[in-house]
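Residue numbers (the working numbering), protein chains in the order written: chain P, 1 to 811; chain S, 1 to 148.
These are computed hints drawn from the structure, not numbers from a lab.
Just to be clear, a hint being listed does not mean it is correct.
[Said to hold, decoys possible] Derived DSS-like pairs (lysine-lysine); straight-line CA-CA distance at most 30 Å: (1) Lys-83(S) with Lys-18(S); (2) Lys-57(P) with Lys-56(S); (3) Lys-49(S) with Lys-57(P); (4) Lys-129(S) with Lys-57(P); (5) Lys-800(P) with Lys-129(S); (6) Lys-465(P) with Lys-435(P).
[Stated by the list, open to error] Now the stretches of chain S that chain P is said to cover, found in silico as 3 or more residues with beta-carbon under 8 Å: (7) 9–22; (8) 58–69.
Remember, predicted model here, so these are calculated numbers, not experimental data.
Ideal placement from N, C-alpha and C gives every residue a C-beta, glycine not left out.
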Amino acid sequence: MTTMERPVLPKLIGARVKRREDPRLIRGRATYVDDIKLPGMLHLAFKRSDVAHGRIKRIDTSAAEAMPGVVAVFTGKDLMALPGATRPVGARGTYAAKIGAGLPPMPIGTPFPSPDHYAIAPEVVRYVGEPVAVVAAEDRYVARDAVDAIVVEYEELPAVVDPELAMQGQPTVIHEGFPNNLALPYVPMGTGVDPATGQVDNSAIDRAFAEAEVVISQRMVNHRVAPNAMEPRGVVAHWDAGKEFLTIWSATQNPHILKSMVAAVLGLGEHQVRAIAPEVGGGFGCKINIYGEEYVAAALSRILERPVKWIEDRSEAFMATIHGRDLICYLDIAARRDGRILGVKMKLIADIGAYNMLLTAAIPTLTMLMASGTYDIPAIRCELTEVFTNKTPTDAYRGAGRPEATYFLERGMDMLARELGLDPAEVRRRNFIPKEKFPYTTQTGAVYDSGDYEKALDRVLQLAKWDELIAERDRLRAEGRLVGVGLAFYVEVCGLGPSSSLPTGGWEHASVTVERDGRIRATTGASPHGQGNETTFAQMLADLFGVPIEHITIEHGDTGVVRQGIGTFGSRSQAVGGTALMMAGEKVRKKMAKFAAALMDANEEDLVFENGMIYVKGSPSTGKSFAEVARYAYVPVPLPPGLEPGLSEEAFFEPPNNTYPFGAHICMLEIDRETGEPRLLKFFAVDDCGNVINPLIVEGQVHGGLAQGIGQAMFEEVVYGPDGQLLTGSFMDYALPRATDFPWFELDRTVTPTPVNPLGAKGVGEAGTLGSTPAVVNAAVDALSEFGVKHIDMPLRPEKLWRIIHGRGQA
Amino acid sequence: MELAGEHRFRAPRQAVWKALLDPEALREAIPGCEQLERIGEDAYSVTLKVGIAAIKGTYTGTVRIADQQPETSYRMLVTGEGKPGSVEGEAELQLSEDGDGTLVRYRGEVRARGAIARLGSRLLTGAAKLLIGQFFKGMESQLQRRPA
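Assemble the whole structure, with the sequences as input and the hints as a guide.
Take a look at the structure:
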């Protein structure tokens with residue numbers, strides 16, 4: 001009965017398997033937060049501040065409360081544990097009266113000092129879009145109308161908009177206890193800095209600049225952008241008053257962190273909360289945060305004893321979801337005339353907006369960590385100041401701190417090459433960390449796991465046909481066209497862990513269960529929202545167990561199903577989550593081999609799992625089917641000695657270090673002499689993310705990263721007026737790139753496995769945003785070289801380029 | 001946002017000056033003006049209905065006239081609030097004779113907040129110019145109808 005012919009299953013690791021997620025996404029069969037409808041569910045809408053900085057003089061909610069369908073209106077004072085929170089709301093009472101305590105300030109995930117930040121501002125608003133009241137109503141339309149009926153009077157305070165004025169305390173100070181608006185006054189990193197004491201010895205960096213034959217100095221801005229996930233945020237909260245149990249659905253990247261933080265803020269135990277991330281339509285880092293709306297929804301469900309839903313609209317997302325980047329860099333590079341770099345200084349000023357969110361303060365420290373790039377730089381000094389302004393808070397956005405470092409350094413490398421009249425590829429090559437030097441510890445303390453930068457550079461030069469590309473550029477220039485070529489190299493930190501580097505813990509969890517019928521259900525603590533882990537993780541298990549991929553389900557995003565987890569960010573799913581999954585899978589396979597060995601009277605070490613069979617190596621015809629062994633494990637008669645029934649195991653994986661993927665991007669760009677409009681002609685990317693499970697998915701991740709990196713360079717920018725008004729609150733004013741803005745992306749890879757996990761996988765989710773941004777700006781500066789331009793701050797708006805071409809100065 | 005422009009009236013300066021400060025004439029000429037009432041010396045409360053894209057809505061506010069130099073110039077201070085947000089503006093109007101007509105030059109600044117700023121800032125200049133154009137046209141036709 002076990003000798004029947006079985007189809008040969010292809011090995012799937014490394015294969016271009018199409019994403020199993022896509023059919024349901026494309027056909028509208030996925031369940032997002034907004035698809036969740038519970039009986040008796042109320043709808044929330046938030047009244048948000050229209051002023052950038054002001055003291056709330058008066059909030060009149062009476063008209064809103066009188067509207068039919070409105071169940072309750074809460075101000076910040078009603079929900080928070082503050083004096084004045086005594087206004088009864090209908091018969092329900094305040095949150096404090098109902099629960100015995102008000103909502104405390106929101107917790108953050110970094111150890112730095114931070115001002116109190118309430119989910120709903122009780123007294124002072126500090127950015128346009130900060131919530132000042134929330135309405136719960138029977139339907140979404142009534143909730144929105146009621147928000148419009150709330151009247152708020154502010155005593156307007158001066159808006160703090162320019163970070164470099166802000167750090168002099170001008171025009172005012174936003175938070176008491178943070179003089180000169182300094183969230184972090186001064187953090188040094190690099191050569192001569194003692195990380196334990198913070199003591200600074202300048203001798204090495206000063207020597208590097210004293211010995212320099214050439215010094216490059218430039219102020220650059222890596223401007224503020226909005227993450228713009230296709231699905232805005234949303235939350236449904238359901239407090240079961242009978243069981244005293246909260247279920248919260250949220251468009252989040254990390255339901256386990258949400259569970260812990262909601263429990264802590266609401267004064268519940270973690271055993272009383274289940275957090276679910278259903279289908280999540282992209283995050284790019286902005287959904288790592290736990291936001292005020294999530295706490296408020298949970299609290300209101302508890303007060304009102306009804307399920308509540310809040311769905312963010314697009315223009316709300318522009319002001320209420322974290323922004324990314326916004327870093328000023330004063331860069332100095334000391335070098336010899338042969339191009340060899342002696343020292344680098346980066347003075348960084350981060351405009352973090354009005355409050356610290358979950359990881360806000362930590363993001364710019366990653367810029368310092370990565371200041372060495374792919375180069376063997378003997379002396380580096382970074383200095384970081386983080387500044388509060390009256391803007392939406394910043395936090396992690398695809399790349400989070402590393403694209404900023406790459407941008408500044410790679411712009412600097414190009415300036416150095418131009419200054420010395422050297423080929424930009426050659427300057428980089430002369431400074432690369434040689435492959436023999438890995439693991440390599442940078443002057444800023446990063447321990448690069450593995451790398452072969454020359455190989456990636458050679459590959460991209462070959463892919464782009466560098467010499468021909470330069471000849472083509474020169475030919476087009478001779479015709480009077482403004483054409484430039486840009487190259488940029490990058491290295492980034494991925495596979496975030498170990499626990500010493502993350503306040504949440506730096507591990508990941510997985511479980512694998514072989515069911516009675518031989519089908520496999522696995523869970524992962526990674527919470528994919530576009531990364532395709534349902535495909536890649538199933539590929540790994542299919543190969544491990546020798547079963548068809550259709551027999552495997554990967555479950556995620558539900559703390560009721562996935563016992564433990566951290567979540568998806570920092571390109572860690574494959575490197576950390578994938579490894580945990582393999583560890584759990586191997587445990588199950590080992591146990592299953594014991595059952596099979598007992599059943600077949602064989603030695604478990606000799607067994608092979610292949611083509612839906614388990615058999616002794618060399619004799620496939622004598623094996624048992626995978627399903628038969630599974631059945632035996634659940635009805636083990638007789639039970640082999642020393643074995644428990646069942647096939648279900650879990651594993652935690654804690655990596656010993658981060659991974660450091662790298663790559664090189666080249667682009668060719670033309671600028672219209674008459675209109676200043678830039679257009680990408682060619683784009684080449686070579687990325688090295690170590691071993692690859694699914695090249696199709698890796699390419700998809702690179703494409704998305706390139707789109708966002710190029711988007712920042714050319715189009716996207718969050719703009720505030722001098723009064724702190726957000727001027728880019730819609731897609732009419734905030735330019736996202738479209739498919740027609742891109743040329744065909746020509747991609748290739750080199751493979752340098754990491755030693756820090758058994759898969760050798762490094763991570764690729766963010767990589768595309770690193771090299772592309774400086775490559776594009778380098779190309780634009782090259783295109784305008786005839787006008788003697790040294791640097792152009794992003795984005796490359798036509799008006800800015802036109803001014804350079806037509807000699808009207810830089811905008 | 002800064003606004004500047006001019007309009008030539010086919011009417012004598014004295015008549016234009018009078019009309020520009022006449023609540024009755026203003027109510028008729030201001031596009032979408034549903035109500036305009038005198039609330040004090042050179043101060044009026046107004047209700048305006050605007051039907052342009054992102055700044056669509058009903059606005060209530062005040063208009064104050066200051067620094068009057070008879071038949072020559074005055075400053076107008078406007079505040080308004082509606083569902084899409086609020087606006088604050090200040091403009092100076094200057095009148096000069098231009099042959100048999102009168103040239104009115106204006107220069108001012110408008111500050112917006114709320115959705116108007118976020119969604120409408122790009123449209124605001126165009127919308128304001130449109131509304132100002134309609135206002136002058138309305139004034140013009142009134143001046144033609146009633147003799148100075």
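Here is how each hint holds up against the structure:
no., hint, in the structure
1, Lys-83(S) with Lys-18(S), "violated, 33 Å"
2, Lys-57(P) with Lys-56(S), "holds, 27 Å"
3, Lys-49(S) with Lys-57(P), "holds, 28 Å"
4, Lys-129(S) with Lys-57(P), "violated, 34 Å"
5, Lys-800(P) with Lys-129(S), "holds, 26 Å"
6, Lys-465(P) with Lys-435(P), "holds, 24 Å"
7, 9–22, "violated (count 0)"
8, 58–69, "violated (count 0)"
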